[in-house]
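Each chain, written out:
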Amino acid sequence: MGGFMKIILKFFLVLSTLIPLVTFSSQVFSRELVVWSRHSPSQNLVDAFNKKMEAEGKDLRAVNSVLGGDFVPKFTAALAAGERVDVAAIDLIYVPYYASIGALEDMTEFLKGKDYYNNLNGPMMHLGSIDGRHYSAPNDLGISGFAYNKKLLPNPPTTWAEMTTMCEEFASRGKFLTGWPTVSGGGMIYTHAPWGWAEGGAHSGWVNEDGSTANLNDSTMQAAFDHFTNLQKIGCVPKNVAAWDWADKQDAFLRGELAMIGTGNFIIGMMGDYPDIDWGFFAMFSSDGTRKSAFVGGDLIGIPVTTGDKEGAMEYIEFILSAEGQSVYTRQNGGLPIRSDLFNTDPCMTDNHRVFLNAGDTGHVPYTVVYNELMEPWGVAIQEIYGGGNPGSVLAKHNARMQEIIDEGPE
Amino acid sequence: MNFVRKEKIIFVLMVSPALLLLSVFFIWPLFNSFWISFHTWPMFGKPKWVGLDNYIYTLNDPRFWETLKFTTIYTFTATPMLFIVALITALLCNVRTWGTTFFRAMYFLPVVLSFATASYIWLWLYSELYGIIIYVLELFGFGGPDKNLNVWTTPTSGLWAVNTMVTWKFSGIQMIILIAGLQAIRDDYNEASTLMGASRWQTIWHVTLPLLRPSIALCLILCIAGGYQAYEQFLIMTQGGPQGATRTILMHTTDMGFTWFKLGPAASVGIFVMVIIFVLTAIQLRLFKPH
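Here the protein sequences come in this chain order: Y and S.
127 is the number that the working numbering gives to position 127 of the first sequence; each next residue is one higher, with no gaps.
11 is the number that the working numbering gives to position 11 of the second sequence; each next residue is one higher, with no gaps.
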């Protein structure tokens, strides 16, 4: 990128980070880590880290900037401008891209030196790795699953055939069994694609293991769409589901109009706000109910090559991965540990948490360096299917488009 | 220092702040867009000269043509809606009578809102659960016996829903431009027309509208240029759906540049849009040139 462009970008980036820097503290520390996150709960971790540093008498403090939905463009612009960012907690699906362009520091030796190395979440580690080298570590987990209302649905379905029977029963009473966020590509890969993965195994519908081949039209993914379009035809799904977003189906569930919805472990944190709902959770399953799957989402944490304090960044990440750091996340309702050795020892884990944790064991997250661009044909495909299109032909058409995008690769 | 030289220095000093802003926020980005459009421009790494490859890529990209087609349909449906509403309100609010100022203010009020705010307001009005518009439409039988009308289920209904919001939001400024044009027309033209036996409608058609040509041209140029730059309203209200059928060319440009990180092709799409707006503006200026 040109020199003048870099100066302009730097100017605005400095301006945008000035306010949190100024408001953070009246005290100036010689080592201040610039941490960029997309979620506001990350502030609890930063506060806990700073307290620990203070208690240990170290002159190192982290300053957190929460960027929300604009994280990716802002972080990418920061990299392009050479702006200092010491630690970045990135939505995991974008990490393969950042790792592929050399934007993240190699953390392999650092991670392999930890006792808990083999306990770090597998699918997340896979996403942050290239040729066996690790460029990020798990930061927090967001595993998908289904929530159901026990008053409306005393026992959740355990096979697809059972779900169809329940659907017929609900439709005969003019009630709705379920609904989904058709217009949200992200929401649908999170809560819909795992039905196909449960049926056909990981990498069985979207892209293959190394992200080089699109397999959206895999027969097992198609079977999952056939199953849900059948529910739609039976009539236990709201008629306008083709225009529904994430909030629509969640609101309908919270109002007691839907018996079950796809969601994530974060919804455990909302249970207290809706005491009228008798909550239950289950993992997405294969047609015969023998295999489970989930979208293993969340954030990966990495050290951008624009860091000014790699050692300090390592110290921060070490804290995040420690049992102490993980307990900060799990104390927040719905938070899950990213280390399997903490699953059974963390006192905050309830049976509800374990539904998601167990689903995450066999869960999956697609590995691709062009995730954002693939979301476009995926998003259009699901809208075409639930708008009345034939799943087989729609998936085949958009699979071809996905393959073109993969072959083109990023710029 | 002689007077002329002093005048020149003052002139330069007076225009330099505006020139500086224009250079930094328009001329430089424009030049840079041209430059980027001839390169592979990774966000991280060195740019590489690729000549016209990005333009060829764009012309072969079906998403470019789909979004351009939709943007053109939007522009040429929203423009007449906007213009007709603005012209009617301008003619009504040009009458010097009690309450005119109040109505002018009322019609102009939505203009002060941002497109994002207006979009969210109308998103609520169109809500399947709480929206008053949907409630009223369902009273008239829309949505069938189940009363489950949702305007976002088809691209056509989504387009007209957004067009209605844009008309409400933007017709106020057009009305002000047209009122300014109407007030510039001397009263004796209308009086002469009336004396010659023309009806009110004939006067509007044969006297007022021809004399309003410069104002009409300005309104249409703003509408069409604005139409091709449509972004927030569709991003918020339709999110480009259903089935990606309401994605505008600007949504495609920003996706290409800042979501898919393909800055070179994104810059070339931006250049195409600029050329389209330039050509359409030139055609309109020629068509509406005063006789």
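Simulated from the structure, these hints should not be mistaken for lab results.
We treat Cβ as the ideally placed atom computed from N, Cα and C, and that holds for glycine.
Just to be clear, a hint being listed does not mean it is correct.
Claimed, not checked - Computed list of lysine-lysine pairs in DSS-like fashion (alpha-carbon distance at most 27 Å, straight line): (1) Lys147(S) to Lys233(Y); (2) Lys112(Y) to Lys52(Y); (3) Lys147(S) to Lys397(Y); (4) Lys52(Y) to Lys310(Y); (5) Lys397(Y) to Lys233(Y); (6) Lys46(S) to Lys239(Y); (7) Lys58(Y) to Lys112(Y); (8) Lys233(Y) to Lys151(Y); (9) Lys46(S) to Lys310(Y); (10) Lys150(Y) to Lys51(Y); (11) Lys114(Y) to Lys58(Y); (12) Lys69(S) to Lys175(Y); (13) Lys175(Y) to Lys151(Y); (14) Lys310(Y) to Lys114(Y); (15) Lys114(Y) to Lys51(Y).
Unchecked claim - Not the full set, but computed from the structure, chain S residues with beta-carbon under 8 Å of chain Y: (16) Pro145; (17) Asp146; (18) Trp152.
Said to hold, decoys possible - Listed next, with one range per pair, are the computed distances between beta-carbon atoms: (19) Tyr130(S) to Glu318(Y): 45 to 51 Å; (20) Asp245(Y) to Asp146(S): 19 to 25 Å; (21) Asp245(Y) to Val279(S): 55 to 61 Å; (22) Leu109(S) to Gln43(Y): 37 to 43 Å; (23) Pro29(S) to Asp351(Y): 51 to 57 Å; (24) Phe103(S) to Pro154(Y): 58 to 64 Å; (25) Lys147(S) to Pro154(Y): 38 to 44 Å; (26) Asp278(Y) to Glu66(S): 54 to 60 Å.
message: What's the verdict on Lys52(Y) and Lys310(Y), does the C-alpha distance respect the 27 Å limit or exceed it?
response: holds, 19 Å
task: For the pair we were handed, Lys397(Y) and Lys233(Y), check the Cα-Cα distance against 27 Å.
output: The given pair, whose Cα atoms are some 23 Å apart, holds under the 27 Å limit.
message: Check the hint pairing Lys147(S) with Lys397(Y) against an upper bound of 27 Å on the C-alpha distance.
response: violated, 34 Å
query: When you check the alpha-carbon spacing of Lys58(Y) and Lys112(Y), does it fall within 27 Å?
result: holds, 25 Å
- request: Measure nothing beyond the straight line between the CA atoms of Lys112(Y) and Lys52(Y); if it is 27 Å or shorter, mark the hint as holding.
  value: Measuring from Cα to Cα gives roughly 24 Å; hence the hint holds.
- prompt: Between Lys147(S) and Lys233(Y), is the straight-line Cα distance small enough, at 27 Å or below?
  reply: holds, 18 Å
Beta-carbon spacing of Phe103(S) to Pro154(Y) - inside the hinted bounds 58 to 64 Å or not: Cβ of Phe103(S) to Cβ of Pro154(Y): about 60 Å, so the range 58 to 64 Å holds.
query: Is Lys150(Y) within 27 Å of Lys51(Y), Cα to Cα?
result: The given pair, whose Cα atoms are some 42 Å apart, is violated under the 27 Å limit.
query: Keeping to a limit of 27 Å between CA atoms, is the pair of Lys310(Y) and Lys114(Y) held or broken?
result: Roughly 17 Å between the alpha carbons, so the hint for Lys310(Y) and Lys114(Y) holds.
- request: Note whether the CB distance of Lys147(S) and Pro154(Y) lies within 38 to 44 Å or breaks it.
  value: With Cβ atoms ~30 Å apart, the hint is violated.
- request: Sort out whether Lys310(Y) lies within 27 Å of Lys46(S), counting only the CA atoms.
  value: holds, 24 Å
message: Is 54 to 60 Å respected by the C-beta to C-beta distance linking Asp278(Y) and Glu66(S)?
response: violated, 46 Å
The structure fails hints 3, 6, 10, 12, 16, 21, 25 and 26 (numbered hints given earlier, in ascending order).
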